[in-house]
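A.B. asks: Sequence:
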Amino acid sequence: MYQLEDESAHLDEMPLMMSEEGFENEESDYHTLPRARIMQRKRGLEWFVCDGWKFLCTSCCDWLVNICQRKKELKARTVWLGCPEKCEEKHPRNSIKNQKYNVFTFIPGVLYEQFKFFLNLYFLVISCSQFVPALKIGYLYTYWAPLGFVLAVTMTREAIDEFRRFQRDKEVNSQLYSKLTVRGKVQVKSSDIQVGDLIIVEKNQRIPSDMVFLRTSEKAGSCFIRTDQLDGETDWKLKVAVSCTQRLPALGDLFSINAYVYAQKPQMDIHSFEGTFTREDSDPPVHESLSIENTLWASTVVASGTVIGVVIYTGKETRSVMNTSNPKNKVGLLDLELNRLTKALFLALVALSVVMVTLQGFVGPWYRNLFRFLLLFSYIIPISLRVNLDMGKAVYGWMMMKDENIPGTVVRTSTIPEELGRLVYLLTDKTGTLTQNEMVFKRLHLGTVSYGADTMDEIQSHVRDSYSQMQSQAGGNNTGSTPPRKAQSSAPKVRKSVSSRIHEAVKAIVLCHNVTPVYESRAGVTGETEFAEADQDFSDENRTYQASSPDEVALVQWTESVGLTLVSRDLTSMQLKTPSGQVLSFCILQLFPFTSESKRMGIIVRDESTAEITFYMKGADVAMSPIVQYNDWLEEECGNMAREGLRTLVVAKKALTEDQYQDFESRYTQAKLSMHDRSLKVAAVVESLEREMELLCLTGVEDQLQADVRPTLEMLRNAGIKIWMLTGDKLETATCIAKSSHLVSRTQDIHIFRQVTNRGEAHLELNAFRRKHDCALVISGDSLEVCLKYYEHEFVELACQCPAVVCCRCSPTQKAHIVTLLQQHTGRRTCAIGDGGNDVSMIQAADCGIGIEGKEGKQASLAADFSIRQFRHIGRLLMVHGRNSYKRSAALGQFVMHRGLIISTMQAVFSSVFYFASVPLYQGFLMVGYATIYTMFPVFSLVLDQDVKPEMAMLYPELYKDLTKHFVKNDSLSFKTFFIWSVSCCFSGGILMYGALVLFESEFVHVVAISFTALILTELLMVALTVRTWHWLMVVAEFLSLGCYVSSLAFLNEYFDVAFITTVAFLWKVSAITVVSCLPLYVLKYLRRKLSPPSYCKLAS
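Offset between the sequence shown (1-based) and this note's numbering: plus 13.
Calculated directly from the structure, the hints in this document are not laboratory data. Accuracy of the hints is not assured; some may be wrong.
Simulated pairs of lysine-lysine, DSS-like, Cα-Cα distance not exceeding 30 Å [claimed, not checked]:
| # | residue 1 | residue 2 |
| --- | --- | --- |
| 1 | LYS343 | LYS113 |
| 2 | LYS329 | LYS802 |
| 3 | LYS183 | LYS85 |
Pair by pair, the computed Cβ-Cβ distance ranges are [what the hints assert, rightly or not]:
| # | residue 1 | residue 2 | range |
| --- | --- | --- | --- |
| 4 | TRP379 | LEU124 | 33 to 39 Å |
| 5 | ASP1070 | TRP379 | 46 to 52 Å |
| 6 | ARG1102 | LYS978 | 19 to 25 Å |
| 7 | ASP416 | MET469 | 39 to 45 Å |
| 8 | LEU137 | TRP411 | 25 to 31 Å |
Glycine is no exception: its CB is placed at the ideal position from the N, C-alpha and C atoms.
Work out the full structure: start from the sequences and follow the hints.
C.D. replies: Written out as C-alpha cells, the structure reads:
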C-alpha cells in the first residue's frame, strides 16, 4: 500500500500546479491572489504612518484584555445527577449575552470607535486648539457644535441598538423551566440553571443548556428534537434516553439512585459526543456508554413528548454558543475610502501651510503662524462630511423600509447601506433560504412506464384494484396466501403486470422508511389513551408524520394519497391501511438505518397474514446500482431526474425464506457482539444479503424552491456577483439544489471534490481540480478543513475562479471561516444571507449580513444588518437600493469636500495677495452659515438623486458590475475622480477670488460681499450640475437656500454694506464672476457626456 502520509515531507518540494498558463483569465477574473504575499512586504514607513499606529494601539488593547480575561482551560467533568453542589469546578452562568458593551465600557467604547477615524480625530485636535489664545481664530462654537452633534447622534444610535440587544437577551434568559429536586418540581429561570440540575423540558419548548437525555414520557424511550437553529437541518433527529434511567418506575427514583455522568471537555463539534453513565449503587455497577444520540444540545426544540435531562454544559460552554462568533463593529468600504481621502487632504493642508510660511520668509514666531495657517485652511477637511453622510445613511435605510416592492424589510445596522452596492461575493445558506424545505413527491418510474404529478390517479386505481382482488381471493380461498398476480382475470396481460408492479412498488415505499405516525392528542387526553384512540380510529385527521428526513415524510404522505396509509408504528411492528379500510400488520425484524457512508437504508419485515419475509432497501443510485439485478434504464433515468432537480431514491426488494433469515440473524447477532472491527463485520454480514435484489422503482422528490429563486440568482450572476452556497446538508441534496436553482447553469460541469483526509490526498485532488476549466466546485466540510490546513492560499485561489462553489456539511464556524478567508484573500466585499441560528456566525462575519425571517425562527434576521422576508427581495435590495446608496453617498461625500476645498482655495488666494497674512477671509457666522443654512439643503438633496429608474436597474444588472470593478469609467469615489474635483475647486476658487479683486479695485471693502455672494451662487449651480434626475424637493432646496441667503443679507450688517449690495454694478459683477467660474465646467461635462458617456447614460437616453 502506497503510504501517502510518509510522502508529506516531500510534498513541499512537489510544486502544486499553480502557474498562470492553465487559466484563461478574463478581465473579470481577479488578479488579487499574490496580494496576500505582497501585504507582508509593504511594511515600510508608509505602513507605519497609515496603519502602524492603529495596529500598535489595538495590539496593546488586545494584550490588556487577554490579561484581564485569562481563558479558563476547558476540562472533562463528572456530573452527579441532581447534585450541582458536588461539582469540583466553577462553571459559567447559563445566560445568553449578545451585547457589545456594558455600563462602564459604553462611553469609552463608542468614543474609541469614532476617534479611530482620522477625520474625527483631526477635528478633536483642531477644536481643542481653540482653547489656546494665540491660536484662536474664530468663535468656539464654529468648531465644537458640529463635532458635538456628530458624537451625540452616534451615541444615541448605539445606545438604542444596545438597549434592544439587552431586551432580547433578557427575554431568552428569563424563560422559566421546571427543575426536579428532592422536594418535587420548582420553577427556575433559564439563566439560573446549573451543571448537575435535572431539568424537565415540555414539548415545543427550547432546550436551555446542553444535557444528557435521561427519561421521556414516550413509551419507546426515545423522542424527536428539532435542530434547525443549531445546524440548519429541518429534519427531526431521534434521540434515545439512557436505558438505565428510562427503566426506573417513577420520576422521583432519579434521586434514590447514586449515579453520575462523565462527559468529555466542552468542544465545538455538534455532531459528536463521548461520555459514560455510571450507576454505583447497583451490584454490579452499571456502565453505559453515551454518544451523540443520548444528548440534547441547547437551542434545539423538543418535538415529541416531555424529556428530563441532566445539565452537563452551561452558558459559554454549550455547543451553540461555542459555534457563534462575537459580533464585530462593521465599517463600510465607503467610510474607509473617505478616511483615505481625508488623509490625502491633510497632507495637502500641511503642504499648503508650509508653502505659505516659506513665502512669508519664516519671519517672527513662524511655527505659530504655521499652526494658524493650518487652522485657517482646516476647512479643506469638512466636519460636516460625517454629519451629512450619517444623515444620508438614515435616509437610505428609511427608503429601504418604505419600499412597497420589498415589504417587511428592516434595516438593523444603519451604518452600512452603501455596502449593498459593492458586493462581489454572496454566500447563501440552502435550507429555508433558497428552498422552502417542503418536499413534494413528483415522479415514480418503473422502467417501462413513468408516472408524473398529472397521472397519479392511475396509480391510485391500480392500487385499489390490486387490493380488492386480494380481498376477493382471500374470501374465495380461506388460505389467503395467493399473491395477486396469479389471479386469473380477463384483463390484458400487460395491464396485469404493470398493476402488480405498481402495487409492489407502493408497498415497498410505505414499508421501507424510518417514519412514525403521531396523533396529536385532543385537549385533556393523556399519552396512554392517545395510542388507544389511534388504534380504534386510524382515519384521524390529527395524524402527522415524524421522521429524521423530510424526504421520507414526503414518500409516506404520497402513499397515503394513492390509498395505502401508514397508521401506526413502534420499534417492532407497523400497521398499514388499504383503500378499502382493511388493516395489514407487519412485524419489523431488522432495521438498517441510513448513514452517509452507506447512502442507503434497509428493513426486513414479516407479513403477519402470509408469514412472508421480505428485505426492502432504498438508497442513492450510486449505492444501489451495483446491488440490484442488471437493467438498462436506471442510470439514464436517474440522470434525467437529477437534471430536473429532483432528489432520486432507488427502491429494491428481496424475498427471504425462514431458513435464510435465521442464518442471517445468527451471523448478524454474532457480528454485533464482536469487540474488534465491529462496524466492518456488521457491514459485511448485511452485504451478504445485498445481492441480486429485484429493482422495483425509482422515485423523484422535489424540494420546492423559494419564489423566484432562479431569476434572482441569474440577476445576481449578471451583476458580477459570485455565489457560494454553504449548507449543513448532504452532498447529494446540495448538488441537486445547486442544479435546480440554476446556481450552476445547465451547460457547466460540476467537479465533486473527493473526500480527502491528509496532505497527500489533498495535494493530488487539488491538482486534479486545477486542470478543470469553468466548472462549479462541490466540496464537503471535512475535505475543506484539510485543504485549508495545508494549502489555504492555493485552494482559495482556485475556488475564487469557479463560477459557483457549493460547500456541504458545513458547521456554523466553518461558514464564518470561509467568509473571513474570502475577505482576506480577495480584499472584496462579501455578503452572507441565511435564515437559521446556524447562519448567525456567517452573517456576523460578512461585510454585510442579510437575514431572512423564515420557518427556522428569527434568530438570523435579528443578528443580521438587514432583514428581508424572501430571498427574491435581495435582487431589488442590491440592484436598486444598494447601488443608489453608494452612488449618492459618493456624490454627497465629494460635494461636501468640494465645498471645503473651494473656500480654502479662496483663503489661500486672499492670504497670498495680502502679503501672506494669516488672517481669515470670512469670519464667525459667515463660515457657519456657509456650511449649514446656505448650502446644506441642496447638497443634502443629492440623497434623492438617481441615474436610472429602479426598473432599468433591475433590468440591466450589469450596471451594478460597474461599481465593483477597480478600473472602470466610474464617477463614484476614487482618487481619479477626487483629483478631477480638486482641480475644478482650485479653478472655481481662484476665479472667484481673483475676479472679485480685479473688478473691485476702488471699493476694496466690498471684496467679502462680492466673493461670498458669487461663492454661494457657484455652489448652488454646481449642485444643479451634479444632479442626474431632478426631484421636486431638489428644486425647493435650491430656492430655499437662495432665499435664506438673500433674506439674511439684511441682518449681516457687520459683513455687508446694504447700500452697495442693492446697486446694479454689484449684481452684474457677481453674475459675471459666477458665469466665468461655472461655464467651463458645464462645457467640459457636456463634452464628456457626448464623447465618453457612462453606461447608465446610454440606458437613460
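A.B. asks: For the hint 46 to 52 Å, verify it against the beta carbon of ASP1070 and that of TRP379.
C.D. replies: Hint violated: Cβ distance 36 Å, outside 46 to 52 Å.
A.B. asks: Are LYS183 and LYS85 close enough, with their CA atoms no more than 30 Å apart?
C.D. replies: holds, 26 Å
A.B. asks: Do the beta carbons of TRP379 and LEU124 sit within 33 to 39 Å of each other?
C.D. replies: Because 35 Å falls inside the window, the suggested range holds.
A.B. asks: Quickly compare the C-alpha distance for LYS343 and LYS113 to 30 Å and report which way the hint goes.
C.D. replies: holds, 12 Å
A.B. asks: Straight-line Cα separation of LYS329 and LYS802 no greater than 30 Å?
C.D. replies: holds, 26 Å
A.B. asks: Can the suggested window of 25 to 31 Å be confirmed for the beta-carbon pair LEU137 and TRP411?
C.D. replies: Holds, at about 30 Å.
A.B. asks: Is the gap between the beta carbons of ASP416 and MET469 within 39 to 45 Å?
C.D. replies: Given range 39 to 45 Å: holds, Cβ gap about 41 Å.
A.B. asks: Lying within 19 to 25 Å: is that true of the beta-carbon distance ARG1102 to LYS978?
C.D. replies: holds, 21 Å
Of the numbered hints listed earlier, the single one contradicted by the structure is hint 5.
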